[in-house]
Amino acid sequence: MRKIDLTIEICGSSGDGTLAAGDILAMTLSHLGYHTLSFDVYPAEIRGFGKCVAHTRVSDAPLYSVGRGVDVLVSLNDPYSIEQAPSLKERAVVLFDSWPLKEVGEGECVAGHLKPGNYLYGVPMGELSQRSTHGWRSRNIVALGALAGLFDMDVDGFLERLTSKFKKKAGVAEQVAAAFKAGVDYVRENLLKIDPLSLALDKKPEQKGYALLSGNEAAAQGALDAKCRFYAGYPITPATKIMEILSARLPREGGTVVQTEDEISAIGMVTGAAFMGKRAMTATSGPGLCLMSEFIGYNVMAENSVVILDGQRGGPATGLPTKTEQSDLMMAMFGTNGDAPRIVVAPTSVAECHYWVAEAFYLAEKYQVPVIVLSDLFLATCKTNVILAKIDPKKLAANKVPTAEQMKDYRRQLVTDDGVSPRTIPGTVGGEFVVSGLEQDEEGTPAYDAKTHTMMTEKRHRKMRTALENDVPRPERFGCNGKASLGVLSWGSTMGAVVEAVERACEKGHKVAALKQVVLNPLHVEDLKAFCADCETLLVPELNYGGQFANWLSMHVSAPMRRLCRVNTRPLSYQDVLEEIENISGDGK
Amino acid sequence: MEHYVIIGGGTAGNVAAETLRQGDAQARVTLISADPTHYVYRHRLADFAATEESFDSLIVHDPKWYEDRKVQLRLAQPVVQVRPSDKSILLAHRERITYDKLLICSGERHRLPEYLSPFDKFINKFSSGRDAIMLKARMDRIEHVTLLGGDSIGLQLISALLPAGKKVTLVMDEYRFWPFEFDDKQKDRMAEALSKKGVQVLKDDFVTDVQKQNGGLLVKTRGGARIATDEAILCSGMVPSLEFLADSGIDMQEGVLVNERLETSAGQVWAAGGCAQIYHPELNDYRCSTGYVNALVQGELAARNMMGALENAPLCEPGKFRISGEEFTTYGWKGFSLDEKN
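Taken in sequence, the protein lines are chains Y and B. So that you can map any letter, position 1 of the first sequence is 1 in my numbering, and since no number is skipped, the others follow by simple counting. So that you can map any letter, position 135 of the second sequence is 135 in my numbering, and since no number is skipped, the others follow by simple counting.
Simulated from the structure, these hints should not be mistaken for lab results. Predicted, not measured: the structure shown is a model, and the values here were computed from it. Watch out, some of these pointers could steer you wrong.
As the list claims (entries may be wrong) - Non-contacting residues of chain B with respect to chain Y, defined by C-beta distances greater than 12 Å in every case (computed):
1) S117
2) G129
3) A137
4) E143
5) D184
6) D188
7) E192
8) G216
9) K220
10) T221
To be verified - Think about it this way: if two alpha-carbon atoms lie no more than 27 Å apart in a straight line, the pair counts; the simulated DSSO-like pairs of lysine-lysine are:
11) Y:K193 to B:K136
12) B:K64 to Y:K3
13) B:K196 to Y:K115
14) B:K125 to B:K196
15) Y:K193 to B:K196
16) Y:K115 to B:K70
17) Y:K181 to B:K121
18) Y:K89 to B:K64
19) Y:K89 to B:K196
20) B:K166 to Y:K193
21) B:K64 to Y:K193
22) Y:K193 to B:K125
23) Y:K115 to B:K87
24) Y:K193 to B:K121
25) B:K70 to Y:K3
26) Y:K203 to B:K136
27) B:K212 to Y:K102
To be verified - Which stretches of chain Y does chain B cover? Using the computed rule of at least three CB atoms under 8 Å from a CB of chain B, they are:
28) 100-108
29) 302-311
Using N, Cα and C, we set each Cβ at its ideal position, and we do this for glycine too.
Please construct the entire structure, taking both the sequences and the accompanying hints into account.
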C-alpha cells in the first residue's frame, strides 16, 4: 500500500521555464529516493506562448501510470492554470504567484477558481526572483524552492541537484541557488502549512541502480546497447529526442547518424545500411510511418533487417503533434501492400522501451524482417525511475551465417524449414546476391509464377511462426488466479494504467486478471484464447477511437470484448480503468 | 443577479452567507477570508492546541457545505482595499472584485499594548486556527506558558493548558480585563479563583522586558518577577481588524461605525460582528461587541438587511463563566466554566 501518492503539476506559459522546473523536480525527487513518473504537455507551435504543464506523480512505491486529478498545482501563469483547476482534488494545494505585474480582474487569478476544500498558498514569485537574481526569469526556481519548503523536502539535497544541473553555466548556478533559497525562506517565514499532504518518508527507499529516464532516452540507450551502428531520421515529435541522443553518442561508438530531408529518405538509408549488415534504425511518428510504408513492404520482400520506432501521436495526418494516442496499431500491423508479415512490439513501460528496442535489433537481424516498435508520445516523453536490463551478449550477433556447404551454391532466398535464409554481407566472395522489391526465387531472380509466389509467401510467414516459437515471450498474466469475472487486455503505455487498476481492484476484492503481451505480432493465440476462456467478461482499454487492439484480438479469438476507448489527448489513468472495472464488476466481486 | 461579497470567514460571515443564500437562490455569494483555515469553533481552539484533537474536528462547515450552497469560498486571500466609489475590493494578490452589496465582518485582531510592542517578536498570539496550529506544533516542547494581560482567550487557554499538565503564569494587566472592565474587587476575585486552579497570578503587575534565554524566554515585570518560560502569549484583548479600510472613506472609530441596521457610511456596505461599532438608540451611543453569540445575531441580521429588511441590532446579551465557584459576566462569549475541567 502506498503511503505517498501525489500528483504535482507545474503550469505556465512557454518561456516561464515550466517544463524545466518539472524536469528538475522529477530529477530531484527521484534522486531523493522517491519513485516518480512525469510527463509534459506542451503546445505544438515551436514559438509562442502556449500552455505548458509539467506533470509529476511521486510515490514511495513504483509507478506505472499517471494518476487522475491533481494534488498540487504550481501556477506560473494563472490564465492557463485556471484551466487546470477542475482537475484539482478536493484537498489539493495550489501555489501561485501572489504578486503579479499588474492588477487583474475578478476570475483572472487561479485563486478565484478553487474548490472550497483546496489550500491556497501565495508566494510572490516574480518579486522574489527579482530580489534574488535581479530578473524575473527565475520565478520557476523560486516556485521550486517554495514547493520544497512547503513540503519539508531535503532542501540541501534539492539545492545540490539543482546547482549541479547548472554548474557548467558560469554564474547561473549561483543565481539558481539564490532564487531557490528565496522560495524556501519565504515559505518558512511567511506561510503555515495547514494542508494534509505530505512527502515525508519513513525511510529512504532503496534506489540503487535506478536511472530517471524517458521512453525516448531508454529507447536510444537500447539501440546503443544493441550495437546499433546506423541511424537516419527526420525530426518529428515525439521521436526527435532519440536522434538527438544518438547524434551525440553513436559516433563515439563508431556509428553514424544522418538527419535526412524526409522520412522516405531516412528509411531508404536505413534499408541500405541494414543491407550492408549494419544494425540500423529510424524513429518517427505516425505521419513519418505513413511515408515509410512502401519501404516496409520492400524490406519484407527483400528480407532486410530494419528497426522502425513509431512514437504514436494524435492523428490522422499531422494531427495533434504534441498529444498522445495509440492509433497507429493497424498501420504498424498492415501498413503496406501485399501480404507483408513483420514483427510489431509495443513496450509497456520506459524500462521496456530499452529492452524491446534492443530486442528489436535481435529479432530483425535473426528473422530478416522489419521490426516496428510502437511507442507513443506519453511513453516517449514520460520520465520514470527504471533499472535497465542487461542485454544478452549472445543476441548481439544474430545473423544466420551460411555454412560452407551453403556457400558452394549460395542462395540468398534459400527456402528453409524455419523460413530464415542464410545471409552474407555484401562483398563476401562467393556470397554475392541480388534483391529487389520484385517477387523472386531462391537465387533472387524475379519470378512471377504462382508456385514461386506461394512458396516465398509461405516462407516469409513461416519466419513469424519460428520467431513465435523461439523468441516471442509468452503473455504474462497478473491479477487474480484461476477464473476471473473480468479480464483486461491492453497494450503499450496503457498497460501501466491496467497494472495499477487491476492491483487495486484485486485489493478491493474484485476477481480481475490482466494479460500483458508486448509482442503484438506474431501473437501467442493459444494463450490468448486460454485467458479469454478464463474470464467471464473482457475489457480492452486503449487510446484510439475504434478499438484497434480489440479488433486485432478479435481476428484471433471470438470472445466479445468491451472497449474502453479514449481520444482525449491524455494517457489513461489507473482510475479511468479502475472505474470501468468497477462499473462492469459491480457488486459481483 | 446580485453579487454579495462578504469579508470575513468567521461566525458572522458564515451565518450571513447562509442567510443570503436562503433569501436569494440566484445571487452570487462570495465569502473571503484572510485566514487560511476553514471556519472553526473558536472556543475549542485551545483544547485543540493542548490535546490530540484533530483540526478537522474543529471545522464547522466542511467544503461540501459551501458547494451545496453555491458559496464561493476564498480562503487565505486577505483584502487590502475597499473602494465603495466603484463598488470594488482589492485582494492582496492584486485581484479586484466588484460587488453589488458588501458585508464587512473582518472580526478582531489582538490588541498589543504599547508597553509590549517592543517585545512583539517574542510574544505569540492565539485566536485563529492558524495560531492554534502553530501552538500545537510547539506544544511538546512547552512546559511553562506565561499569559500577558488577561482576557477571555487567556481563560480558554488556561482551561486547556492546566489539564495538559502545563504550568501557567498570568501577568494580569493592571488596567483591564478584556472584554469587560473589572473593578478591583472583581479582579481580586478573578485572581484568587485562578490561583485556586493552580495558575501563578501576578496581579496588577506590568511586563517591562521579554528576552530570549536558554532556548526559552525570560519575562521581567515591574514588580521584580523574573519568569523563565517556554512561551509568552498575548492575552490583552482584541480590537476590530480594520487596517484594510484605511483609505476606504468609510467612517470608523474603534470599529466600523454602523447605524442600528448595520449600514456603514458608504452605500451598499454593511458591517457586523467584532469589527462593527454599532449605534444603539437606547444608549444613544456606539458599542463594539465581541464573541460568537453577537457575531451570530449580527451576521444574520446584516444579511437580512442587505436583502431589504430594516431590522435593528439588539444590544449584546451577557454570558456567564465560572472559575472555582466564582461567577463572572461576559458579553459575547458563550458561557463556559473552568470548573468543569479542573
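| task | Tell me, in ascending order, the numbers of any earlier hints that this structure violates. | result | 2, 3, 13, 15, 19, 25, 27, 29
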